[in-house]
Amino acid sequence: MLKMNEVSKIYRTDLIETHALSNVNLSIDEGEFIAVTGPSGSGKTTFLNIAGLLERFERGDYYLDGENVANLNDKKLSQLRNEKIGFIFQGFNLISDLSLYDNVEVPLIFRGIKASERKKRIEEALELVGLASRMKHYPAQLSGGQQQRVAIARALAGKPRFLLADEPTGNLDSLMARQVMDLLQEVNQAGTTLIMVTHDNELARRAGRNIQILDGELTDITKSQLTDLAV
Amino acid sequence: MKELVMLAWQGLKQKPKLSALMVINLAVGITLMLTMSAIVKQSSSEVIGYKGDSLYTAGLNYFDVDEDVNDFRQFPRWTYQDAQALQQANLPYEYVSFNYTTEFIVGLADNSVRPISVEASGTDSGMFNVLDVPFIYGTAWNAQSEKSGEAIAVISKHANDHLFGGVDSVGQFIQVQGEQIRVAGVVDLTRYKRRFQDLSFSNNYNHDVFIPLNYAYAQNFPRTGQVTCRTDDLYTTISPRSGSIDMLKSAECGYLTVWFQYHNDVELVQLAELKTWLNNYIKQQQALGRFQHKNLTDFYSMGELYILIQRFMAWEAIYLTFSYLLFGICLVNTVGILLAKFQANRKLISLYRALGANQSVIMIIHFLEILMLTLAAIVLGFILAFAGLELMFHLRMYQTDYMAIAEQVRQIYQFDSELALVTTLGIFLAVGLSGLYPVYRSSRVSPASELRG
Ligand SMILES: Nc1ncnc2c1ncn2[C@@H]1O[C@H](COP(=O)(O)OP(=O)(O)O)[C@@H](O)[C@H]1O
Ligand SMILES: [Mg+2]
Chain H
1 MLKMNEVSKI
11 YRTDLIETHA
21 LSNVNLSIDE
31 GEFIAVTGPS
41 GSGKTTFLNI
51 AGLLERFERG
61 DYYLDGENVA
71 NLNDKKLSQL
81 RNEKIGFIFQ
91 GFNLISDLSL
101 YDNVEVPLIF
111 RGIKASERKK
121 RIEEALELVG
131 LASRMKHYPA
141 QLSGGQQQRV
151 AIARALAGKP
161 RFLLADEPTG
171 NLDSLMARQV
181 MDLLQEVNQA
191 GTTLIMVTHD
201 NELARRAGRN
211 IQILDGELTD
221 ITKSQLTDLA
231 V
Chain P
1 MKELVMLAWQ
11 GLKQKPKLSA
21 LMVINLAVGI
31 TLMLTMSAIV
41 KQSSSEVIGY
51 KGDSLYTAGL
61 NYFDVDEDVN
71 DFRQFPRWTY
81 QDAQALQQAN
91 LPYEYVSFNY
101 TTEFIVGLAD
111 NSVRPISVEA
121 SGTDSGMFNV
131 LDVPFIYGTA
141 WNAQSEKSGE
151 AIAVISKHAN
161 DHLFGGVDSV
171 GQFIQVQGEQ
181 IRVAGVVDLT
191 RYKRRFQDLS
201 FSNNYNHDVF
211 IPLNYAYAQN
221 FPRTGQVTCR
231 TDDLYTTISP
241 RSGSIDMLKS
251 AECGYLTVWF
261 QYHNDVELVQ
271 LAELKTWLNN
281 YIKQQQALGR
291 FQHKNLTDFY
301 SMGELYILIQ
311 RFMAWEAIYL
321 TFSYLLFGIC
331 LVNTVGILLA
341 KFQANRKLIS
351 LYRALGANQS
361 VIMIIHFLEI
371 LMLTLAAIVL
381 GFILAFAGLE
391 LMFHLRMYQT
401 DYMAIAEQVR
411 QIYQFDSELA
421 LVTTLGIFLA
431 VGLSGLYPVY
441 RSSRVSPASE
451 LRG
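Chains as they are written, first to last, in the UniProt record's numbering: chain H, 1 to 231; chain P, 1 to 453.
Just chain H, with the same shape it has in the complex (with noise of 0.2 Å):
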C-alpha cells in the first residue's frame, strides 16, 4: 500500500528552480504492476526516489503501508528501505570487488540479520534468478543480463514489499531485456508490488498500469483510458 497526497519536490541550485514534481497524487495497492513512462528529465527518477525513501520531499502527504513517512528520522527512513523496498537501477549498481553472494549479502547486514539466515536468503535469491551456481564470481564475469539479476537478487533476498526498478532494461540488450523483463514479471506474480520506470512502450504494455510523467506532473493513463472507454 502506498498512496501519495499532493507531494511535490523542488530541487533548488544557486541559480535555478526546478519543480521535479508538482502536485502528485498516487495510490498503488498491494501487487501491482506499474509502468512510469515519460521523456528524459521529466521526473520519473525523482518520483521513484521519492517512493523509494532515496530522497525528502517539499510538500505533501506520504504514506508507505499506512505509515507517513514525511516526518520520519534518517534511522527509520533507512530502515524502512531496507526492510520494505528493494531497488534495481539502470546501471546495476554491483560492488565489483565482492563476489556474487557478497553482493546480495549487503543489504542482509544493515539489517543486522544473522549469518545462517543470511546464507540461506542469499542462495534462495541466487536460485531464484538462476546464478546460484555462479555465487563465487565477480560481476565482471558476468554479461550485462546477468548482472542485472544479481541486482534483482540483492533487491529480493530482504523480502521487500516493493521492488521499485529505474530503467532496469536501459543498458541491456532486447534478448536480455526480455529476460529481466520476465524474471521482473514473475517476481510481481508472486506478490511483490512493482513499479518499474522504463521509456520502452512495448515493456510498459506488460504492465497492469500505466503512468505517466510529463515535467513533473503525473498522470494515470490506465484510469483515463479506461474513462475514455466508459464515455
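Bear in mind the hints are in silico, worked out from the structure with no lab data behind them. Some hints could be false.
To be verified - Distance ranges between label pairs, derived from CB positions:
#1 58(H) <-> 346(P): 53 to 63 Å
#2 8(H) <-> 446(P): 12 to 22 Å
#3 440(P) <-> 119(H): 58 to 68 Å
#4 325(P) <-> 119(H): 27 to 37 Å
Claimed, not checked - In silico EDC-like links for lysine to aspartate or glutamate, alpha-carbon gap of 20 Å or less:
#5 136(H) <-> 3(P)
#6 347(P) <-> 102(H)
#7 13(P) <-> 127(H)
Glycine residues also receive a C-beta, built at the ideal position from the N, C-alpha and C atoms.
For chain H, the structure is supplied; the task is to place chain P with the ligands on it using the hints.
Quick look at chain P with the ligands alone, frame taken from chain H:
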C-alpha cells in the same frame, strides 16, 4: 560488527593508492615521534629516582673571585684537605662517600683473557650504599681493608663476565699495573641508564672496578675525572692527573666527588647541620685567606640534579617538539587524504544508503576503515622506529669507537611498554579526531545522489 569490518575493508580497497598514501604519511609521522619520544623519555628518566630527595652532593668553591661558578658543572671537586676536614667533623648522616674516577688496564696474572681498559672508582665502601646495587657475588670490602688500603676490589658484572666468564670470582685476583688485586664482590650496574656517582651522567658505560681510596693513592692511579686547581700555575706544577698523589693531596686542587645520604625523617635537620659546619669551616679558612668567591657552597639533591641535567638535553627536547609538529602536519594531511578518499567512495556510500544503511552505520564503517589504516600505520611506524633506534644505537656505539658498553647504551635507544601503550593510544585518539570531519561528511552523502542513471 564482523560484517561492518568487512565492508570497511571494501572501502579501504576502493582507492588503494590513497589508502597507501595515508598509511605512509601517518607512519612517517609516527616513526619520528616514537623515535624521539623513546630517546627523550629514556634519557631523561631519572637514574635513581627513589633517592631523589635523600641523596645529596655538595660543592665547596675555592676558586678565585673572577671564575664563573654557578652550577654543579662549574663547581670544583673537593680537595683532599677539605674532604678530610669534613670526615673528621663526624657529622650525622646515613652515609657519606667520596670517590674519584681513574682508568687502567685490567687483566689476569696468567694472561688467560685479553686485558681490558676500564674506568674505575677510587672510593670507600659507602659508595655501594650510595649506588644501592645488588651484589651478584661477595660483598663490599670491610673497614679494615679500607683503612689499610688493601689491594681489594669490587668489580662490575661486565668486568666479571669478561675476565671470569661470569662465574663467582670472589677470592680470585685481577691484575692492574702488575699488582694482584683480590676480588671481594661483583655488582650489577646495568640498571643505571647513566653513571651519576662521578657527576658525569655519561650513558656510555659505568665503572668496572671499585677500589679503596687508600689503595688507589698507594698505587698513584691517575685522576681522570674532573680535576681543577685554584690557579693554572698550580695546575701546571702539580700536574694532578698524573703527578704524585702526595703533592695533589696537599695542594688546592679538587678531584673528589662527595655524596651524602640522609634518612628522610631527619634529612632537613642533618642537612642544616652540614650547612652550619660548612659555613663555620669556610669562615675559619677565610681567616687563612681561602674562599673569597661569592658562590661558595652548593647543594643538590639527586632530584634537583636531574632537573638540571634535563636542561642540558635541550636539543633532544627540540627534536621531540619538531617530531610532534611533524606528526601534527601528518594529521592535517590525513584529514585531506580521508576527505579525498571518502569523496571517492561517494558512489559506494550512496549505494549502502539506498540498501538501507543509516548514517550511523556509514560512520561506523568509515571509522573502522580509519582504524584499520591507523593500525597499519602504527605497525609500520613501530617497525621503522625500531629500525631507527637500532641505527641510532649503532651510530652512538660507533661514535664511542665501540668502547661504550652496548647494554648500557641500548637502554636509551629502546621503547618501554608504557611509552608504546601511551603513544599508541594517543595516535588512535589523534587520528580518530582528525577523522571526525571526513567521517561526518561521508555520512551526509545522500542515498540517491550518486545513483541517478
Ligand atoms: N539533484 C538535483 N539537483 C537539481 N536538479 C535535479 C537534481 N536531480 C534531478 N534534477 C532535475 O529534476 C528534473 C527531473 O529529473 P529526473 O527525475 O532525473 O528525470 P528523469 O528520470 O525523468 O529523466 C530534471 O530537470 C533534472 O535536471
Ligand atoms: Mg531517470
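Handout entry: Violated constraints from the hint list, given by number and in increasing order
Key = 1, 3, 4, 7
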